[in-house]
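*Asks:* So the sequences go chain by chain: G, C, B and V. The first sequence begins at 1 in this note's numbering and counts up one residue at a time. The second sequence begins at 1 in this note's numbering and counts up one residue at a time. The third sequence begins at 1 in this note's numbering and counts up one residue at a time. The fourth sequence begins at 1 in this note's numbering and counts up one residue at a time.
Calculated directly from the structure, the hints in this document are not laboratory data. A portion of the hints provided could be inaccurate.
So, partial list: chain C residues that the calculated Cβ filter (under 10 Å) puts toward chain V [as the list claims (entries may be wrong)]:
1) 60
2) 63
3) 67
4) 68
5) 96
6) 236
Computed from a predicted structure; not experimentally measured. All C-beta atoms, glycine included, are put in the ideal place defined by N, C-alpha and C.
4 protein chains.
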Amino acid sequence: MKETLVFRIKDVDLTDPIMIEGLPGVGHVGKLVADHMVEELHAEKIIEIYSPHFPPQVMVKEDGTIKQVKNEIYARRGQNGEPDLLIIIGDYQSATNEGHYELTSIFLDIAESYKVRRIYALGGYGTGQFVDKSSVMGAATSIELVEEMKTQGVLFQENEPGGGIIGVSGLLLGLGALRGLDVICLMGVTSGYLVDPKAASEVLRVLSGILGIEVGMHALEERAKEMEKIIGKLQEMERAQSPFEAGGDEDLRYIG
Amino acid sequence: MKETLVFRIKDVDLTDPIMIEGLPGVGHVGKLVADHMVEELHAEKIIEIYSPHFPPQVMVKEDGTIKQVKNEIYARRGQNGEPDLLIIIGDYQSATNEGHYELTSIFLDIAESYKVRRIYALGGYGTGQFVDKSSVMGAATSIELVEEMKTQGVLFQENEPGGGIIGVSGLLLGLGALRGLDVICLMGVTSGYLVDPKAASEVLRVLSGILGIEVGMHALEERAKEMEKIIGKLQEMERAQSPFEAGGDEDLRYIG
Amino acid sequence: MKETLVFRIKDVDLTDPIMIEGLPGVGHVGKLVADHMVEELHAEKIIEIYSPHFPPQVMVKEDGTIKQVKNEIYARRGQNGEPDLLIIIGDYQSATNEGHYELTSIFLDIAESYKVRRIYALGGYGTGQFVDKSSVMGAATSIELVEEMKTQGVLFQENEPGGGIIGVSGLLLGLGALRGLDVICLMGVTSGYLVDPKAASEVLRVLSGILGIEVGMHALEERAKEMEKIIGKLQEMERAQSPFEAGGDEDLRYIG
Amino acid sequence: MKETLVFRIKDVDLTDPIMIEGLPGVGHVGKLVADHMVEELHAEKIIEIYSPHFPPQVMVKEDGTIKQVKNEIYARRGQNGEPDLLIIIGDYQSATNEGHYELTSIFLDIAESYKVRRIYALGGYGTGQFVDKSSVMGAATSIELVEEMKTQGVLFQENEPGGGIIGVSGLLLGLGALRGLDVICLMGVTSGYLVDPKAASEVLRVLSGILGIEVGMHALEERAKEMEKIIGKLQEMERAQSPFEAGGDEDLRYIG
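Please work from the sequences and hints to get the whole structure.
*Replies:* Okay, here's the thing in structure tokens:
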């Protein structure tokens, strides 16, 4: 596999869908919200994306079978006036610099093919400290969007220059802007140390309000605990498979 | 050499061969088993694979001559009803992210060209602690295979979500599944600190039982000691050739 | 986006323009000078450059909107006998080894297309210690240029072999020389710990003298403080988005 | 510059030349010997090689002018029955994994174009401890060559499995063997901490004996001191240009 592969599993007709991105990141906030929405809204998988830019890895499930690392896109038709949705979820972001640009471009190509005009990139804003009551910070591709998000309760850092957003969320904003798309980043404030269901429910609350789609929150906390366990197991596995001996994957700094 | 090179050294006729992969990894368990099987079963080399994704390195042998870092595939015709085998062995896995995907795809292409329907990827499951009696953990591409392996004494982590397998073994499972192949990973439980002949003999015992091929174990411990020495020497050599001085291969983080 | 993209925003007619490069580096000296010149001289943007070699990142501005990481080229017609100028500014240099070579080649292609014959690459010379009175160190592609710069007050390390310049500034010198261009590097002596307006004003003073273009210095100190804040915020943001949990962008050293 | 560039500066007629490689490595032993031979034997430069795989860097010379990082090949016609020589020297080896393979393949292509049948790759064997009297360790592509080198006083690690040689020297052995060339690696035993003229003179003594070419040793010690200074300055410069501030070349591990 020398190139990123995009498998279209199913065709769907969507009208002016809104795209939502929730790949792993700080506090796994975005992933928690997006995975939750896919489940609660019974979205159907339409696209699978495999790439040599993802970590060369499979995840082992409870039943002993495996899943190849990938990103997926789910579709959900709105009911009663709700907007149609395209939701990007996945196991990992790119492990290489150029991979981030390539994968984001593919997401934007898919968005444009479905005539998406607006994208919500979900993530976490890590403070390094535990947070009592979370809130949702934002960034967007235009002043009008910033003002619109403020009316929805999203906070923006006023009069503070600087800061950045890295990875697919950042590039959806930057490269999306170059394509004339409206992109908003919603970041749940979190310590960054845990998979944070409070930060996720704040982002979900705001996003639900914006979209006008009700999403039950009950399972969110349970899902966060499950995700925390899986992440812990992955970290444990990664330490267990660390190649201390020759023949492993060490930085090559030994030149003769 | 800008591309991975596959040299077909010899043609063989095989009937429904089973592929076995044993490249370096945790505890070098997989490598120990596969190298041992190649020797004990007098398998013949049919393919050599060189790649710019491997570490840029040669190994120096006892007699002062050298071997270029490579992966090799050996073939062995089954006797008395035993299955035909294709065995992947090698010095190193890929040193680059995309290299893992490329090399695994090449192994799968070769598997499909020989009409392989089942692959056993061998490795170690590192616990970080010394293990009295080893056992064999497993993962597979389908529930049916999981159940089949359980009857062979392979252990699976029940009701524990998460965990992963990285490198060629993981990708053989993940990308193999995408091609409709049956792939099983057998991992000998080991500390991860040594080349572990006990873990290797457990994996070999289980694999022999599954394949119905008897493989003498006598030389396994001796082979483990030999491998331990070579690995130790490689690590010593790598430290000896560390480029502390300018002109070596240091991370370039100095931007002007 | 698999390739570096060069957007020509505007056509300009320039006569024998001089190119000035001020991308981020030691003490951000070069960036401070170049950004300042673009503002003070009311230069107009003519080219934007995006690349998968840049960090996959957007910067968040005070007003909550975003800017995709990029490099830009500005043009300014000289007044009253001043030379025409092309000024390269940007957010980041390349994050990959080959990216530095590719981006510098693009800058040189653009220089040649505008019939540039001389390039000034601006940077900092970090001493690791705080400097009372800064000075400007130099390097150039020919002895004649070295002598010319000495008459302008630029210092050269006499009789001291060695030393190097890394990144775009270095490659503009090296690859520029291969194309027969005259390239001079001016480096403001600085600790390297701060965004240093003193080092920047020394470089600006020397460069203004060489070009015969007066550039007001008043805003330089204010601009340095602003840049310092943005950089601090970026570092804070980068730490805040650090992926301690699985699914983040960790070195893949775990081979099985 | 997206590809490695090979500039043929001059045509020469050589008869059965022997190729010698002396790029930077442990103790800079190989580089010291090769640079010294080029000077003492008045070899003429015939080829320059630039590559996006080299560090993106220029070296600053005593006189303030610069040299782009490159590798060079020099030619020297033998006198009085001496063999013709092709000598590879340079500033750096590749900074990327694939670059090592690409550059070595280019060296071998050039060797074959000049009908080279034998290559001596020179380097250092680092012990981590100061060495009173140096010696020369070896490795080669065939048993016959090993025996031949033993008669010349080269030492081989008897009955000790393992060890490796990394970088261009290693790949010249490994990839050279694949092309049917005779390749010998001569490594001067050294601590690895200094540019070591003693280790270099041992290698030079052995090589001179093998080739039947007298090379004056007088300047070797002076050259070692000069090289030590340049390397020290480069390391100092690299530290001076370290990008602690945002906008520098930091590992991108911050995913949002």
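*Asks:* Each hint needs a verdict: does it hold in this structure or not?
*Replies:* Verification of the hints:
1. Below 10 Å, beta-carbon pairs count as interface contacts, and residue 60 of chain C has one with chain V at about 4 Å; its hint therefore holds.
2. Because the closest C-beta pair between residue 63 of chain C and chain V is about 6 Å apart, less than 10 Å, the hint holds.
3. Hint status for residue 67 of chain C relative to chain V: holds, with the closest Cβ pair at about 7 Å, below 10 Å.
4. The beta carbon of residue 68 of chain C is positioned within 10 Å of a beta carbon in chain V (closest approach about 3 Å), and the interface hint is therefore held.
5. Among the interface hints, the one on residue 96 of chain C holds; its C-beta lies about 6 Å from the nearest C-beta in chain V, closer than the 10 Å criterion.
6. Interface restraint check for residue 236 of chain C: the shortest CB-CB distance to chain V comes to about 8 Å, inside 10 Å, so the restraint holds.
Checked against the numbered hints given earlier, this structure breaks none of them.
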